[in-house]
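Peer 1: Once you have looked at the hints, place chain E on chain B.
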Amino acid sequence: MAELTEELSRVKAEEPAVPSTDVRVHPNPDPAPAPAPEGAPTVIVDDLHIIYRVYGAASDTEKGNAVNALMRLVKRQGRPQMKEVHAVRGVSFVARHGDAIGIVGRNGSGKSTLLRAIAGLLPPHSGAVYTDGQPSLLGVNAALMRELTGERNIVLGCYAMGMNPKQVKEKYDEIVDFSGIGEFVQFPMSTYSSGMGARLRFAIASAKSHDVLLIDEALATGDREFRRKSQDRIKKMRDEAGTVFLVAHNLDVIEETCNRVLWLHKGKIKMDGDPKTVLAAYNKV
Amino acid sequence: MSQPESAITDAQAGGPSNGTPAQGQEPLAKLAARHGLRRAIARPSLPVYLRQLWERRHFITTYATSRNVSKYSNSALGQLWQVLTPLLNAGIYYLMFGVILGASKGIENYPAFLITGMFVFTYTQRSVSSGAKAISGNLSLIRALHFPRASLPLAYTIQEFQQLLISMGVLFALVLITGEEFTLLWLLIPVALALQTMFNVGASLMLARVGSTARDLNQLLPFIMRTWLYASGVFFSIEDRVVGPNGAGLPQWVADVMYFNPAAAYIELMRDLLMYEAVRPYIWAVCVFWALFALLGGFWYFWRAEEKYGRG
Numbered sequence: 001m002a003e004l005t006e007e008l009s010r011v012k013a014e015e016p017a018v019p020s021t022d023v024r025v026h027p028n029p030d031p032a033p034a035p036a037p038e039g040a041p042t043v044i045v046d047d048l049h050i051i052y053r054v055y056g057a058a059s060d061t062e063k064g065n066a067v068n069a070l071m072r073l074v075k076r077q078g079r080p081q082m083k084e085v086h087a088v089r090g091v092s093f094v095a096r097h098g099d100a101i102g103i104v105g106r107n108g109s110g111k112s113t114l115l116r117a118i119a120g121l122l123p124p125h126s127g128a129v130y131t132d133g134q135p136s137l138l139g140v141n142a143a144l145m146r147e148l149t150g151e152r153n154i155v156l157g158c159y160a161m162g163m164n165p166k167q168v169k170e171k172y173d174e175i176v177d178f179s180g181i182g183e184f185v186q187f188p189m190s191t192y193s194s195g196m197g198a199r200l201r202f203a204i205a206s207a208k209s210h211d212v213l214l215i216d217e218a219l220a221t222g223d224r225e226f227r228r229k230s231q232d233r234i235k236k237m238r239d240e241a242g243t244v245f246l247v248a249h250n251l252d253v254i255e256e257t258c259n260r261v262l263w264l265h266k267g268k269i270k271m272d273g274d275p276k277t278v279l280a281a282y283n284k285v
Numbered sequence: 286m287s288q289p290e291s292a293i294t295d296a297q298a299g300g301p302s303n304g305t306p307a308q309g310q311e312p313l314a315k316l317a318a319r320h321g322l323r324r325a326i327a328r329p330s331l332p333v334y335l336r337q338l339w340e341r342r343h344f345i346t347t348y349a350t351s352r353n354v355s356k357y358s359n360s361a362l363g364q365l366w367q368v369l370t371p372l373l374n375a376g377i378y379y380l381m382f383g384v385i386l387g388a389s390k391g392i393e394n395y396p397a398f399l400i401t402g403m404f405v406f407t408y409t410q411r412s413v414s415s416g417a418k419a420i421s422g423n424l425s426l427i428r429a430l431h432f433p434r435a436s437l438p439l440a441y442t443i444q445e446f447q448q449l450l451i452s453m454g455v456l457f458a459l460v461l462i463t464g465e466e467f468t469l470l471w472l473l474i475p476v477a478l479a480l481q482t483m484f485n486v487g488a489s490l491m492l493a494r495v496g497s498t499a500r501d502l503n504q505l506l507p508f509i510m511r512t513w514l515y516a517s518g519v520f521f522s523i524e525d526r527v528v529g530p531n532g533a534g535l536p537q538w539v540a541d542v543m544y545f546n547p548a549a550a551y552i553e554l555m556r557d558l559l560m561y562e563a564v565r566p567y568i569w570a571v572c573v574f575w576a577l578f579a580l581l582g583g584f585w586y587f588w589r590a591e592e593k594y595g596r597g
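Quick note, the sequences are listed as chains B and E, same order. Position 44, counted from 1, in the first sequence is what this note's numbering calls 44; the numbers after and before it change by one each time, with no gaps. Positions in the second sequence are counted from 1; adding 285 to them yields this note's numbering.
With the rest of the complex left out, here is chain B (with noise of 0.2 Å):
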């Protein structure tokens, strides 16, 4: 298995513009499998490429002062403190309804950026994503202000996610309840601990049911008692929703919830399949 993961990881370094290395990184050597019978494609990304800017990235060489500024306009090297990052380099797969499928790969392999990719939320450089219906992430942290309280909070993150006053009310109970954080709602949120602050956002996050869920790292908040809940919530969200896709570090979470693993090696594809096969090689390595 180990020797495979290498070869995979060399084939899959090169341009995967070439039909014929699909035979040779796929164990069985059928080239072309029969379409799906189970169910119809809701995500399909097709060699997609994200390349996204970064600011105030200065390396060793030019620290920032005034005079290697002014020397750099001299010498017209444009955008002095602008980096590109390109996350993902030629992405391809196909999730179809009822797809649970789990993103392992280590920090920085272009996890998140994919997520936010299919999401639509990153502009692709090239390629495209296709869905049906709108993917959403499960995550209204950037929307929420620490100085406010909790209550303020939850109708502020309800509508960031695109809810109309009579859900709010619907759902405000529900979340306050489920975050269990009782009179603290009161209080604003840059009191609260750091385990508090996680579950009511997660609690928040979670009110709102979604076509195609993506979930980045959401489980391992909290206390015991508090991620046992939010499993099974997160269970429930994946029977409402179509697919499901979800990146987490903690392995056991994606082999217990997906039905398919994407290992994702510095933003390409290094091996699709199923999670025992996946994680048995990700974790060789």
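It is worth saying that the hints were derived from the structure and are not from the lab. It cannot be assumed that every hint is accurate.
As the list claims (entries may be wrong) - In the SDA-like style, the derived pairs of lysine to any residue whose C-alpha atoms are separated by at most 25 Å in a straight line are:
#1 E:315 to B:211
#2 E:315 to B:49
#3 E:356 to B:191
#4 B:83 to E:505
#5 B:169 to E:431
#6 B:171 to B:128
#7 B:166 to E:315
#8 B:266 to E:342
#9 B:83 to E:333
#10 E:356 to B:190
#11 B:171 to E:342
#12 B:166 to E:421
#13 B:208 to E:339
The structure presented is a predicted model; accordingly, all values stated were derived computationally and were not measured.
Peer 2: Then chain E, alone, in the frame of chain B:
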């Protein structure tokens, strides 16, 4: 998941995972078209976009209010600062320009003149400069949630509008204290504010798109704003300085050109209504023109890049 299903998934996995489909399989784009899948990131048409924006009105207003609340949450006086800040500003400018530099020559009721100009200008200035940061300062939000991106510059302008309503209360009080009287023309003030708000929304949308890619804009803006402040006749009367006997003695059209500056026009409009009981068609025309031009142009310009804002 049951074993056979995993096996099937496994069998499929090799094909599409590789950039090009296996032999005998259709290209992914065609497969997507056949199943009615659409591109995840696509710009909606302008009418659809406006409808989406309307559906998000609760988010926009809640976001604006939340920002105003959180802004003052660390100070003991809290939102009282929304009243204190404009009052202190008015006091300092009056001291500087009215008393020490003596810019008030020839202007009756200079405090009211100055404070009206200051508050009206500040509204536009703050909307525009916060609009410039609306996208570039909220990338994490844009990369996490779906909403029409114009919500952000709009929310920032609404936040400034909420601040303005408080400032206007202070302004009315000061204008009455300094000896002006209520006239029926005051009833037109909401119209004037609506026109200015239209302009501010449009200008902040425009700068939001520019600021999303041109990072140096935030360093330049303070200078642009200060130049704009001096050109807009906040401290002096453009008419007196340009045309009047104590001024440069230039022809009237020079003053009219200077009044074409939207900030100058909105300031003059407010002063006409509040203090001079005057209605100047030229000023009204300029105000209406800028309101429509900025709002329509700003929306169109911002919408054109809707799908690109996540890239940074």
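Peer 1: Measure nothing beyond the straight line between the CA atoms of residue 83 of chain B and residue 333 of chain E; if it is 25 Å or shorter, mark the hint as holding.
Peer 2: 35 Å, violated
Peer 1: Just to be careful, I want the Cα atoms of residue 208 of chain B and residue 339 of chain E compared with a cutoff of 25 Å; is the pair within it?
Peer 2: 20 Å, holds
Peer 1: What's the verdict on residue 166 of chain B and residue 421 of chain E, does the C-alpha distance respect the 25 Å limit or exceed it?
Peer 2: 32 Å, violated
Peer 1: So if I understand the rule, the pair passes when the alpha-carbon distance is 25 Å or less; does residue 356 of chain E with residue 190 of chain B pass?
Peer 2: Answer holds: residue 356 of chain E to residue 190 of chain B is near 14 Å, not above 25 Å.
Peer 1: Given the hint that residue 171 of chain B pairs with residue 342 of chain E, does the C-alpha gap stay at or below 25 Å?
Peer 2: 19 Å, holds
Peer 1: Just to be careful, I want the Cα atoms of residue 315 of chain E and residue 211 of chain B compared with a cutoff of 25 Å; is the pair within it?
Peer 2: 22 Å, holds
Peer 1: Decide if the proposed pair is consistent with the structure: residue 169 of chain B and residue 431 of chain E, CA atoms, cutoff 25 Å inclusive.
Peer 2: 21 Å, holds
Peer 1: Given the hinted pair residue 266 of chain B and residue 342 of chain E, is their alpha-carbon gap at most 25 Å?
Peer 2: Status violated; Cα separation ~40 Å.
Peer 1: When you check the alpha-carbon spacing of residue 83 of chain B and residue 505 of chain E, does it fall within 25 Å?
Peer 2: Roughly 22 Å between the alpha carbons, so the hint for residue 83 of chain B and residue 505 of chain E holds.
Peer 1: Given the hint that residue 356 of chain E pairs with residue 191 of chain B, test it: the Cα-Cα distance must not exceed 25 Å.
Peer 2: 17 Å, holds
Peer 1: Is the hinted pair residue 171 of chain B and residue 128 of chain B satisfied, with a Cα-Cα distance of at most 25 Å?
Peer 2: Given that 25 Å is the threshold and the Cα spacing comes to 35 Å, the pair is violated.
Peer 1: Could you grab the alpha-carbon distance between residue 315 of chain E and residue 49 of chain B and see if it respects the 25 Å cut-off?
Peer 2: 19 Å, holds
Checked against the numbered hints listed earlier, the structure breaks hints 6, 7, 8, 9, 12; every other hint is satisfied.
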